[in-house]
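2 protein chains.
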Amino acid sequence: MTRDIAINHATVREKADMLAFIDLCAARNLRAVSIWGDEIDKVGEAAAQAALQQAGMTVYGYNRIGPFIATELDKAPAQLEQAARFGADHVLVFTGGLVDGEHDLKAARRRHEDIIGGLLDQARQIGVKLALEPLHPMLVGDRTTLASLSHANAICDALGDGIGIVIDVHHVWWDERLEEEVARAGKAGRILGFHVNDWLVPTRHLLRDRGMMGDGIIDLPYIDGLVRATGFNGPVEVEIFSDDWAARDPAFVLDTVVQRCTQIFPDLVTP
Amino acid sequence: MTRDIAINHATVREKADMLAFIDLCAARNLRAVSIWGDEIDKVGEAAAQAALQQAGMTVYGYNRIGPFIATELDKAPAQLEQAARFGADHVLVFTGGLVDGEHDLKAARRRHEDIIGGLLDQARQIGVKLALEPLHPMLVGDRTTLASLSHANAICDALGDGIGIVIDVHHVWWDERLEEEVARAGKAGRILGFHVNDWLVPTRHLLRDRGMMGDGIIDLPYIDGLVRATGFNGPVEVEIFSDDWAARDPAFVLDTVVQRCTQIFPDLVTP
Chain E
1 MTRDIAINHA
11 TVREKADMLA
21 FIDLCAARNL
31 RAVSIWGDEI
41 DKVGEAAAQA
51 ALQQAGMTVY
61 GYNRIGPFIA
71 TELDKAPAQL
81 EQAARFGADH
91 VLVFTGGLVD
101 GEHDLKAARR
111 RHEDIIGGLL
121 DQARQIGVKL
131 ALEPLHPMLV
141 GDRTTLASLS
151 HANAICDALG
161 DGIGIVIDVH
171 HVWWDERLEE
181 EVARAGKAGR
191 ILGFHVNDWL
201 VPTRHLLRDR
211 GMMGDGIIDL
221 PYIDGLVRAT
231 GFNGPVEVEI
241 FSDDWAARDP
251 AFVLDTVVQR
261 CTQIFPDLVT
271 P
Chain U
1 MTRDIAINHA
11 TVREKADMLA
21 FIDLCAARNL
31 RAVSIWGDEI
41 DKVGEAAAQA
51 ALQQAGMTVY
61 GYNRIGPFIA
71 TELDKAPAQL
81 EQAARFGADH
91 VLVFTGGLVD
101 GEHDLKAARR
111 RHEDIIGGLL
121 DQARQIGVKL
131 ALEPLHPMLV
141 GDRTTLASLS
151 HANAICDALG
161 DGIGIVIDVH
171 HVWWDERLEE
181 EVARAGKAGR
191 ILGFHVNDWL
201 VPTRHLLRDR
211 GMMGDGIIDL
221 PYIDGLVRAT
231 GFNGPVEVEI
241 FSDDWAARDP
251 AFVLDTVVQR
261 CTQIFPDLVT
271 P
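Line order of the protein sequences matches chains E and U. Numbered as in full-length UniProt numbering, the first sequence ends at 271 without a single skipped number. Numbered as in full-length UniProt numbering, the second sequence ends at 271 without a single skipped number.
Since the hints were made in silico from the structure, they are not lab data. Honestly, I wouldn't trust all of these hints.
In silico DSS-like links for lysine-lysine, alpha-carbon gap of 27 Å or less [claimed, not checked]: (1) E/Lys187 x U/Lys106; (2) E/Lys75 x E/Lys42; (3) E/Lys106 x U/Lys187; (4) U/Lys42 x U/Lys106; (5) U/Lys106 x U/Lys129.
Construct the complete structure from the given sequences, taking the supplied hints into account.
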């Protein structure tokens, strides 16, 4: 069994538009990418589709629905339709945080859970899967209300089919319940993605200082082992939000990504 | 029933040494302070003791044992003895994070749990209580391995008497299990302290950008209510690690602390 490397466009989006990104991935024999709706808009959907087709490349994750404010939620049906047109494996759900002046996190969580239920109804009709990605607890408040695998698992338990979880090492590596919650997600067949990057010491910014795999302190082979032990064999998705890496030549970034992935993760399709 | 405001010296330590800090608290009729061993060293233990005695002030928390490296752990017996001489209610335990090159968080946690057990033996002999303070998950790696109330409760469950938990809102407010884990700690009679401050949006630094109570998004009355519902009636301890507040006049900082606490928390001893 082999698996792919899928790179998330966010990793190089500041210097490479979607068409350039697809070319860069194709030149490295990568077979899947994760994409962003706003980046599709920048190059036009027809051009984006043509570039993918020409490269023989599939879409893994589609980013994203949210944050959960009315003006953004209004776009959800069109975003789900677009994700379906691109054949995306799953659509990332981004709750966003508390609204201005709001302090009741518990109420916000209940509201967001309700909204996720409504989005799932839409997604089922359109035939695409929703992916919950618990974010790091340091992002609770302004960017999310969903900050643990246990919370994501509980939401999925309540909602049934058509919704699953993306596990991003940056967000969950610290959790003392990591093993049991990964196993729980795996047993339910709901692991939809596995995002890799690294935790730098020091981390200088809450949002934009993730590390390249191998430059930080996360035990990536260990977490990869937990995920694979569930039977999950999807791509290793590389998603690095980093001002440092965003400023570098995208070709160099992707070469580094491929090299590091090959060193760290077994059974990859050799690029 | 009334309760005190106890200010942690760290809040103003950059501009006020321990003697000045005690004077500032006494001038506001505060009756308890939380102190630091390294700040005692700067002014001398005799002077520190005399200042406390003259002010009629008691010591609440003593900071701290750790991080868990040999050179620091060697100091633990002397630190516990010093805390006892100051009549401290509890001694904060600071695990520190992974050592250089270490990636195995699970093994580090096991090692730290063993060290805590050894420290507890020492603390029992000397007759002081140890306090585990779960830190925010963003501090896992370089500053702690203990990042949730559930982990702290599990360690206390395993170790028995003489060890408890300090609940700091900044570290735990995001946790979807907050209610149940506060109740669990309370039921076991192991809540030793309640630290307040606030979570700013945006938070610009992982360590030194906490907010003054009321300036952020934490629902302080709600968490205070959870803690008090367990029967805990210790002081409200204010601990603000913040470059902004550290740069201000300590008298102004303490006036603001007292004013905000009076607005937010019921039943305080009126300063």
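To see whether the hints hold, each was checked on the structure:
1. Among the hinted pairs, E/Lys187 with U/Lys106 is consistent with the structure: their alpha-carbon atoms are about 22 Å apart, no more than 27 Å.
2. For the proposed pair E/Lys75 and E/Lys42, the alpha carbon gap of about 17 Å is at most 27 Å, so the pair holds.
3. Distance hint between E/Lys106 and U/Lys187 is fulfilled; the C-alpha atoms sit about 22 Å from each other, no more than 27 Å.
4. Between U/Lys42 and U/Lys106 the alpha-carbon distance is near 37 Å, which puts this suggested pair outside the 27 Å criterion.
5. Using a Cα cut-off of 27 Å, the hinted pair U/Lys106 and U/Lys129 holds, with the two alpha carbons roughly 26 Å apart.
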